[in-house]
Amino acid sequence: MILLKIDQLKPGMILAESVYNQQELLLFEKGASLTKKRIWTLKTWGINHVRIKGERKGNHLTTIEPEGKNKQTIENELQEKFADALDDPVMAAIMKAASRQLQENSNDPENGNEPT
Amino acid sequence: MSQPDLNRIIARVEDLPTLPRTVLRITELVNDPKSSARDLARVITDDQVLAARLLKLVNSSFYGFPQRISTITGAIVLLGFDAIRNLLLTTSVFDLFANRKRISEFSQEQFWDHSLGCAVGAKILGNHLRYDKVEELFVSGLLHDIGKIVEMIFMPEQFSKITRLVQKENILMFSAEEQILGYTHADVGRLLAEKWNLPPKLISVILHHHRPSTAGRFAQEAAIIHLADIFCRALNIGSGGDNKIPQLDKIAWESLKIKTEALEPLIAKTKSGFDDISLFITYTP
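Quick mapping for you: the protein sequence lines, in order, are chains A and B.
Be aware that the first sequence starts at 1, since it is given in our numbering, and climbs by one per residue.
Be aware that the second sequence starts at 1, since it is given in our numbering, and climbs by one per residue.
Chain A extracted, bound-state conformation (with noise of 0.2 Å):
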């Protein structure tokens, strides 16, 4: 368990402990993952610090983070999925957009796994 500032949070990072506000009311309960507008959300509430999954080994942070898909993995999954149902263009457009889902989800550069 590492304690983090609100800026160095990055989704895909695993909540140790839940987070309350300074009116003890639940944001979000231990375990949960970090989103975007989860992050953004600890902000609008002024909440500093959080204590993530993980360990810190001198400067090196190594938090537990989800494996993000690459866009062929996601393409071909869909496409398999997808397989008996493509010859409707609606269809196809719904692929199209969970497809942007997604990718948008894993290639989201604040989901890198670069140290910080």
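Worth flagging that the hints you see were computed from the coordinates, not collected in a lab.
From the three backbone atoms N, C-alpha and C, an ideal C-beta is built for every residue, glycine too.
Treat the hints with caution; some may be incorrect.
[Stated by the list, open to error] Computed beta-carbon distance windows for the label pairs:
(1) B:T260 to A:G46: 38 to 46 Å
(2) B:K259 to A:Q103: 18 to 26 Å
(3) B:Q179 to A:Q72: 27 to 35 Å
(4) A:E29 to B:N127: 36 to 44 Å
(5) B:E157 to A:D88: 32 to 40 Å
(6) B:R42 to A:R56: 47 to 55 Å
(7) B:T260 to A:N48: 42 to 50 Å
(8) B:V49 to A:K57: 41 to 49 Å
(9) B:K259 to A:N48: 29 to 37 Å
[Unchecked claim] Subject to a maximum C-alpha distance of 27 Å in a straight line, what follows is the list of computed DSS-like cross-link-like pairs (lysine-lysine):
(10) A:K5 to A:K37
(11) A:K43 to B:K269
(12) B:K161 to A:K81
(13) A:K71 to B:K269
(14) A:K81 to A:K53
(15) B:K244 to A:K81
[What the hints assert, rightly or not] So these bits of chain A aren't anywhere near chain B, every CB distance computed over 12 Å:
(16) L3
(17) I6
(18) Q8
(19) K10
(20) G54
(21) K57
(22) H60
(23) Q72
(24) R100
Given the coordinates of chain A, assemble chain B onto it according to the supplied hints.
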């Protein structure tokens, strides 16, 4: 559906779980225009678990109220009757089937994520179409596949044959059920919904969600659930036990009159809506 098999299930319908009395009472009160927030609060506070859960939910960031809500009446006034019923029904249905015997190939957690995702997607589609009772759509999405849970609990051997066939041939659960049972989770779900005295609209949606254009006067609602189901499968939100996308019911799609350009924002909203709500309505193994 083959009649002898259906009869077998009907014979066992008495063994199916019942909804908690509190939830039925709450449903009655919500449907009664004469009932007040105080009447509803009285019923909820009788059930301590429900009361505690409701307060936890309204005080969560999902609703984002700036002040702490400490009374049930306060929660009802802020959220409204329909939303309260929806929340309580959701969590009660989850509880009802939690801690049941597990079938290894079928993840109940993934199943509930799929149900919750469809509920969120249906509500978002309902808002887009200016449907006036979006809370009903939420509940419909949540319960549309409930027949699968009944099969898992009451017909464990056949259910495990079905999941094996789904995996082996990579087909829809629906098709595997037709091959093995001669009927599907839609038929089984209808039996449970009837036993629970759910409204006719909900029964119809459960029965027709794979062929929404056959749902008669509830074709619009069934079409919404059908589309939300497709969204969730495309977005990998949970899993209904298979890994295929059902074919689009074209008549149903055309009747909804959704423009193709609107699909992208609707799908994006379904994803973010699910991410938000799933933190607070979670399946507990």
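Each hint tested on the structure:
Taking 38 to 46 Å as the suggested C-beta distance range, the pair B:T260 and A:G46 conforms, at roughly 42 Å. For the pair B:K259 and A:Q103, the beta carbons lie near 23 Å from each other, so the given range of 18 to 26 Å is met. One distance hint, 27 to 35 Å for the beta-carbon pair B:Q179 and A:Q72, holds here, with the actual separation near 34 Å. Taking the beta carbon of each, A:E29 and B:N127 are about 27 Å apart, not inside 36 to 44 Å as hinted.
A hinted range of 32 to 40 Å for the beta carbons of B:E157 and A:D88 is consistent with their spacing of about 36 Å. Taking the beta carbon of each, B:R42 and A:R56 are about 52 Å apart, inside 47 to 55 Å as hinted. For B:T260 and A:N48, the Cβ-Cβ distance of about 45 Å falls inside the hinted range of 42 to 50 Å, so the restraint holds. Distance hint for B:V49 and A:K57: a CB-CB separation of about 44 Å, consistent with the stated range 41 to 49 Å.
Checked against the hint of 29 to 37 Å, the C-beta distance between B:K259 and A:N48 comes to roughly 45 Å, which is inconsistent with it. At roughly 16 Å between alpha-carbon atoms, A:K5 and A:K37 fall within 27 Å of each other, so this suggested pair holds. For a cut-off of 27 Å, the pair hint linking A:K43 to B:K269 stands: about 22 Å separates their Cα positions. The suggested pairing of B:K161 with A:K81 holds, with an alpha-carbon distance near 22 Å, which does not exceed 27 Å.
With a CA separation close to 21 Å, the supplied pair A:K71 and B:K269 stays within the 27 Å bound. Between A:K81 and A:K53 the alpha-carbon distance is near 34 Å, which puts this suggested pair outside the 27 Å criterion. For the hint pairing B:K244 with A:K81, the CA-to-CA distance comes to about 5 Å; that is within 27 Å, so the pair holds. Every CB of chain B lies more than 12 Å from the CB of A:L3, the least distance being 21 Å, so the non-interface label holds.
Look at A:I6: its CB is around 15 Å from the nearest CB on chain B, clear of 12 Å, so calling it non-interface holds up. Chain B leaves A:Q8 outside its interface by the beta-carbon criterion, the shortest separation being 21 Å against a cut-off of 12 Å. Consistency note on A:K10: stated as away from chain B, and its beta-carbon is indeed over 12 Å from all of that chain's, at 16 Å minimum. A cut-off of 12 Å between C-beta atoms confirms that A:G54 is not in contact with chain B; the least separation is 20 Å.
Interface exclusion of A:K57 from chain B stands, the closest Cβ pair being 30 Å apart, more than 12 Å. Distance to chain B confirms A:H60 as a non-interface residue, since its nearest Cβ pair spans about 29 Å, more than 12 Å. Distance check on A:Q72: its Cβ is at least 16 Å (rounded) from any Cβ of chain B, clearing the 12 Å threshold; non-interface status holds. Remark: the non-interface label on A:R100 conflicts with the geometry, its nearest Cβ contact in chain B lying 7 Å away (cut-off 12 Å).
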